Structures are given as C-alpha cells and as structure tokens.
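*Asks:* Hey, can you work out the whole structure from these sequences and the hints?
Residue numbers (numbering that gives the first Met the number 0), protein chains in the order written: chain P, 0 to 131; chain D, 0 to 131.
A portion of the hints provided could be inaccurate.
In this list, chains with the same sequence are indistinguishable; a pair is considered to hold if it fits within one copy or across any two.
Here are the simulated SDA-like pairs of lysine to any residue, each with C-alpha atoms no more than 25 Å apart in a straight line [as the list claims (entries may be wrong)]:
id : residue 1 : residue 2
1  : Lys129    : Val116
2  : Lys82     : Gln92
3  : Lys53     : Cys130
4  : Lys107    : Glu60
5  : Lys111    : Ala57
6  : Lys107    : Asp96
7  : Lys53     : Ala103
8  : Lys27     : Glu110
9  : Lys12     : Ile84
Bear in mind the hints are in silico, worked out from the structure with no lab data behind them.
Note that the coordinates shown come from a computational prediction; the quantities given were computed from them, not determined experimentally.
Here are the chains, one letter per residue:
2 protein chains.
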Amino acid sequence: MNYETLLREHHLKVTPQRLSILSSMSDKGHISIEDLFASVKKKFSSISLATLYKNINAMLETALISEVKILNMKSKYEITKAKHIHMVCQSCQEVMDLELDLSAFVSKASEKSHYTVKEVDIVLSGLCEKCQ
Amino acid sequence: MNYETLLREHHLKVTPQRLSILSSMSDKGHISIEDLFASVKKKFSSISLATLYKNINAMLETALISEVKILNMKSKYEITKAKHIHMVCQSCQEVMDLELDLSAFVSKASEKSHYTVKEVDIVLSGLCEKCQ
DNA sequence: CTGAGTGCAAACGTTTTGCACTTGC
DNA sequence: GCAAGTGCAAAACGTTTGCACTCAG
Chain P
0 MNYETLLREH HLKVTPQRLS ILSSMSDKGH ISIEDLFASV KKKFSSISLA TLYKNINAML
60 ETALISEVKI LNMKSKYEIT KAKHIHMVCQ SCQEVMDLEL DLSAFVSKAS EKSHYTVKEV
120 DIVLSGLCEK CQ
Chain D
0 MNYETLLREH HLKVTPQRLS ILSSMSDKGH ISIEDLFASV KKKFSSISLA TLYKNINAML
60 ETALISEVKI LNMKSKYEIT KAKHIHMVCQ SCQEVMDLEL DLSAFVSKAS EKSHYTVKEV
120 DIVLSGLCEK CQ
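*Replies:* Written out as structure tokens, the structure is:
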C-alpha cells in the first residue's frame, strides 16, 4: 500500500515524518514507541519524540494505526488491517497476525453474556515455531 | 474466600493495608489503580499510593491478582480466579467475567500459527445488557 | 528480635503541552 | 496565505525508589 494515499484517506497531511513512521512500522509489523523512535531516527535523524507521539495519536484517532496491548510488554503499534488475532512469543517477543474465523466463538460469548459484541481483542502468548 | 489465607498461600504477610486492598478489589470485581486508591482510602485513610503500588506489584508477582489490559481504558486488576475471558461495556465501563470453552479455538490458532500456546487473553467489548 | 511492610518525599521515565518556526496544500 | 505539522524545552503524569519508622510473625 501507498502511504501517501493511506494518509490522505485518513484526512492527515503527508509529511516526510509521517511517511518515515509508517514505513518503519510496516517493516517491523508490530513495534513499540521506543523501537519506532530509534528506527525512524535512522532515516530521519531530526525527528523529535514529541512529533512521534503527536503523530501516533493522530493516526490512532483516525484508526489508521492500532495499538496492541500485551501483558508483560509495552504496547506495540501496527497499521490497521483486516481483523485478526495476535500470537506473541514469550521468548523472542515477536508478534504474528493470524486470521481466524471467530464467528462461532463470538456468538457463543455474546449469547452467554447478553452483550452486543463490537470489538474483539485476542492475544495468545506462548512460544513461536523457532523458539520452542 | 478468606483474604488472610489467600495472602499466606502466596507467601505474603497479612497487613491491614493488604486486606483493605483485596476487599475493595473483590467488591468491585475489576478496578483501576486510581479507583482502588480512592476506595481503599475510604476505609483506610492513611494508606499511601506508594504502598498501594508496592502491594499491587507484590501480588502480581505471586499471581494472587492479575492485570486486565483493555483498549482505550486504564488497566484494571482482579483477584486471580479460574481462567475466563472478559466482556467490557463501552458505555458503562463495566467488566464481566465469562467462562467459556476455548479448547477448539485455541487448538485451531495453535495449529495454524505453529505456536505453542501458554496464555490466552481475550477481551470482547461492546454493550452490556443494561446499556444496549 | 528481625526482616518485611509502611509512608513520605524525591526521583524517574513516559507522554503531553505551549510556543515560535516551518511546511503542505 | 493559512491552517496544520514540527521541534524544542518545560510541564504533567503515573510509577518507582530510598530511607527512617513500624509491625507481623
């Protein structure tokens, strides 16, 4: 995907800082603020942490990116894609996306709890293929 | 459950501060640090925030309590119970526990990702029975 | 009696803010 | 040209630490 188009679709101006952020985020798939700052600085050494935070917040608000909260780790951020769950390796910390049919599961939860389910947030942690 | 026994089973000394914390946490089911501090202060006005944090951390380490990370909300804490998923209401912010059979779901995720799954963290958000 | 727990104040790391300057559109 | 974005320094925020005192076991 083209990041300029992506930004414009979310009503955000295209700046070199934003393009760098999206490029680094896309490279890593899932990245913490700290790692993102280091990564963006390599290509764009003048960027400030304040700008990074402002842009992360702007992109979260328009849902261009999403936050992934993981137990015992700092939050990571990803470019918003089709709905999926997250697999996290407790050894190497890698995060993998997994598309899975959740309809049966969600309707059961919905029925049992009497909640109308709008969002699904699933993180399974353990050991990835390489680390086990 | 008796909180004195619960603390002793987790090799933590029994203090009135800890009993207050557990009592407030149990009353609310799921509570943020901020709300917990306010709630504990009512019964135990001399408690300090430092003590609250030290105890939360001690109890997390022994897994007497668990953290629940929820998107767009502050973390909440609960006394550790049997495995369950969380239903969160986006309107009233209430959190409900739900016990559900996850084995089919987990084995599918495991098979597809080649991960060995050790922990399952599921938060479904939407509207509770009262709020819809 | 002794180590663990408490409360205070200071320190810390992370995130946000205000402001002058620059840039995208 | 003007609103929006940037970078800096300062402030705010939540959390942790060091230390003297107290208490549970």
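*Asks:* 25 Å Cα cut-off: does lysine 111 pair with alanine 57 within a copy, between copies, both or neither?
*Replies:* This pair counts as neither: shortest intra-copy Cα distance 37 Å, inter-copy 34 Å.
*Asks:* Checking lysine 53 and cysteine 130: alpha-carbon separation at most 25 Å within a copy, between copies, both or neither?
*Replies:* Neither way: lysine 53 and cysteine 130 sit 36 Å apart in one copy and 33 Å across, limit 25 Å.
*Asks:* With 25 Å as the alpha-carbon cut-off, assign the pair lysine 129 and valine 116 to within, between, both or neither.
*Replies:* between (35 Å within a copy, 14 Å between copies)
*Asks:* Given a CA cutoff of 25 Å, do lysine 107 and glutamate 60 count as a within-copy pair, a between-copy pair, both, or neither?
*Replies:* Close neither inside one copy (31 Å) nor across copies (33 Å); limit 25 Å.
*Asks:* At 25 Å max between alpha carbons, let me know whether lysine 107 reaches aspartate 96 within a copy, between copies, both or neither.
*Replies:* both (23 Å within a copy, 14 Å between copies)
*Asks:* Cα distance capped at 25 Å. Does lysine 27 pair with glutamate 110 within a copy, between copies, both, or neither?
*Replies:* between (38 Å within a copy, 24 Å between copies)
*Asks:* First find the shortest C-alpha distance between lysine 12 and isoleucine 84 inside one copy, then the shortest across copies, and answer within, between, both or neither for a cut-off of 25 Å.
*Replies:* neither (30 Å within a copy, 40 Å between copies)
*Asks:* For lysine 53 vs alanine 103, is the C-alpha pair at or below 25 Å within one copy, between two copies, both, or neither?
*Replies:* The answer is neither: 39 Å in one copy and 41 Å across copies each exceed 25 Å.
*Asks:* Check lysine 82 against glutamine 92 for me: Cα-Cα at most 25 Å, and say if that holds within a copy, between copies, both or neither.
*Replies:* both (21 Å within a copy, 23 Å between copies)
When the structure is compared with the earlier hints, violations turn up for hints 3, 4, 5, 7 and 9 and for no others.
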